[in-house]
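Q: Sequence:
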Amino acid sequence: MKKLTFGALVALAMTAAASTAMSSKAMAQDAAAGKTSFNKCLACHAIGEGAKNKVGPELNGLDGRHSGTAPDYNYSDANKNSGITWNEAQFKEYIKDPKAKIPGTKMAFAGIKNETEINNLWTYVSQFDKDGKIKQ
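Going by mature numbering (1 follows the signal peptide of the UniProt record, and there is no 0), the letters in the sequence shown line up with residues -28 to -1, 1 to 108, in that order.
Simulated from the structure, these hints should not be mistaken for laboratory data. Every value quoted in this text rests on a predicted model; they were computed, and no experiment measured them. Glycine is no exception: its CB is placed at the ideal position from the N, C-alpha and C atoms. Possibly wrong hints are sitting among the right ones.
EDC-like mimics (lysine to aspartate or glutamate), calculated; alpha carbons at most 20 Å apart, straight line [unchecked claim]:
| # | residue 1 | residue 2 |
| --- | --- | --- |
| 1 | 12 | 65 |
| 2 | 7 | 49 |
| 3 | 24 | 87 |
| 4 | 107 | 2 |
| 5 | 24 | 35 |
| 6 | 102 | 69 |
| 7 | 71 | 87 |
| 8 | 85 | 101 |
| 9 | 105 | 21 |
| 10 | 71 | 60 |
| 11 | 64 | 21 |
| 12 | 68 | 35 |
Computed Cβ-Cβ distance ranges for the label pairs, DEER-style [said to hold, decoys possible]:
| # | residue 1 | residue 2 | range |
| --- | --- | --- | --- |
| 13 | 48 | 68 | 17 to 25 Å |
| 14 | 106 | 53 | 27 to 35 Å |
| 15 | 43 | 14 | 16 to 24 Å |
| 16 | 26 | 82 | 13 to 21 Å |
| 17 | 62 | 11 | 20 to 28 Å |
| 18 | 53 | 88 | 30 to 38 Å |
| 19 | 26 | 71 | 24 to 32 Å |
| 20 | 61 | 104 | 32 to 40 Å |
| 21 | 108 | 69 | 32 to 40 Å |
Can you build the whole structure from these sequences, using the hints too?
A: Rendered as structure tokens:
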């Protein structure tokens, strides 16, 4: 009985480890796909170490940041007064149709409709802390 129980525990532990490894791999693939999607954003936004405001604000530390608060960026009143604190749900709703989410925003982007692309983009963008370093 002890051998059977121990064998079952080993098998369970191996399954859990494989599942975690697969989740990490899937997360890495999502971030890589998100980086590719971010190419659509690069004309106006920067992210990562040394990112600076462009036509749009730099996006470091977006997760948890209040809308309209990136230093030295001239936001529209609509964006500054939106009351949004960026998180996954807010971002995903916004990126589908920015002008619908924040009427009066300066962001001239039609949006991304594909759910997988939106998920991947969020995975990529949300991995950066406020200093542009990838969170551990």
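Q: Take the hints in turn and mark each one as holding or not.
A: Outcome of the hint check:
A C-alpha spacing of about 17 Å is found between residue 12 and residue 65, which places the hinted pair at or below 20 Å, so the restraint holds. At roughly 29 Å between alpha-carbon atoms, residue 7 and residue 49 are farther apart than 20 Å, so this suggested pair is violated. Restraint check for residue 24 and residue 87: not satisfied, since their Cα atoms lie roughly 28 Å apart, outside the 20 Å limit. Taking the CA atoms of residue 107 and residue 2, the gap is about 15 Å. The hint holds against a cut of 20 Å.
Using a Cα cut-off of 20 Å, the hinted pair residue 24 and residue 35 holds, with the two alpha carbons roughly 17 Å apart. With a C-alpha separation of about 25 Å, the suggested pairing of residue 102 with residue 69 is violated against the 20 Å cut-off. The straight-line distance between the Cα atoms of residue 71 and residue 87 is roughly 18 Å, inside the 20 Å bound, and the hint therefore holds. Straight-line distance between C-alpha atoms of residue 85 and residue 101 comes to about 26 Å, which puts the hinted pair past the 20 Å bound.
Restraint check: the Cα-Cα separation between residue 105 and residue 21 comes to about 6 Å, which is no more than 20 Å; the hinted pair holds. A distance of roughly 18 Å separates the Cα atoms of residue 71 and residue 60; the hinted pair therefore holds under the 20 Å criterion. Restraint check for residue 64 and residue 21: not satisfied, since their Cα atoms lie roughly 24 Å apart, outside the 20 Å limit. In summary, the hint linking residue 68 to residue 35 is supported, as the alpha carbons are separated by about 17 Å, within the 20 Å threshold.
The beta-carbon spacing between residue 48 and residue 68, approximately 19 Å, falls within the hinted interval of 17 to 25 Å. At about 31 Å, the beta-carbon gap between residue 106 and residue 53 stays in the expected band of 27 to 35 Å. Hint check: residue 43 to residue 14, Cβ distance near 20 Å, so the stated range 16 to 24 Å holds. At about 18 Å, the CB distance of residue 26 to residue 82 agrees with the hint of 13 to 21 Å.
At roughly 22 Å, the beta-carbon separation of residue 62 and residue 11 lies within the given 20 to 28 Å, and the hint holds. Roughly 32 Å separates the CB atoms of residue 53 and residue 88, a value that falls within the hinted 30 to 38 Å. Between residue 26 and residue 71 the C-beta distance comes to about 19 Å, which lies outside the given range of 24 to 32 Å. The hint said 32 to 40 Å for the Cβ distance between residue 61 and residue 104, and at roughly 24 Å that hint is violated.
A beta carbon spacing of about 33 Å between residue 108 and residue 69 agrees with the range 32 to 40 Å that was offered as a hint.
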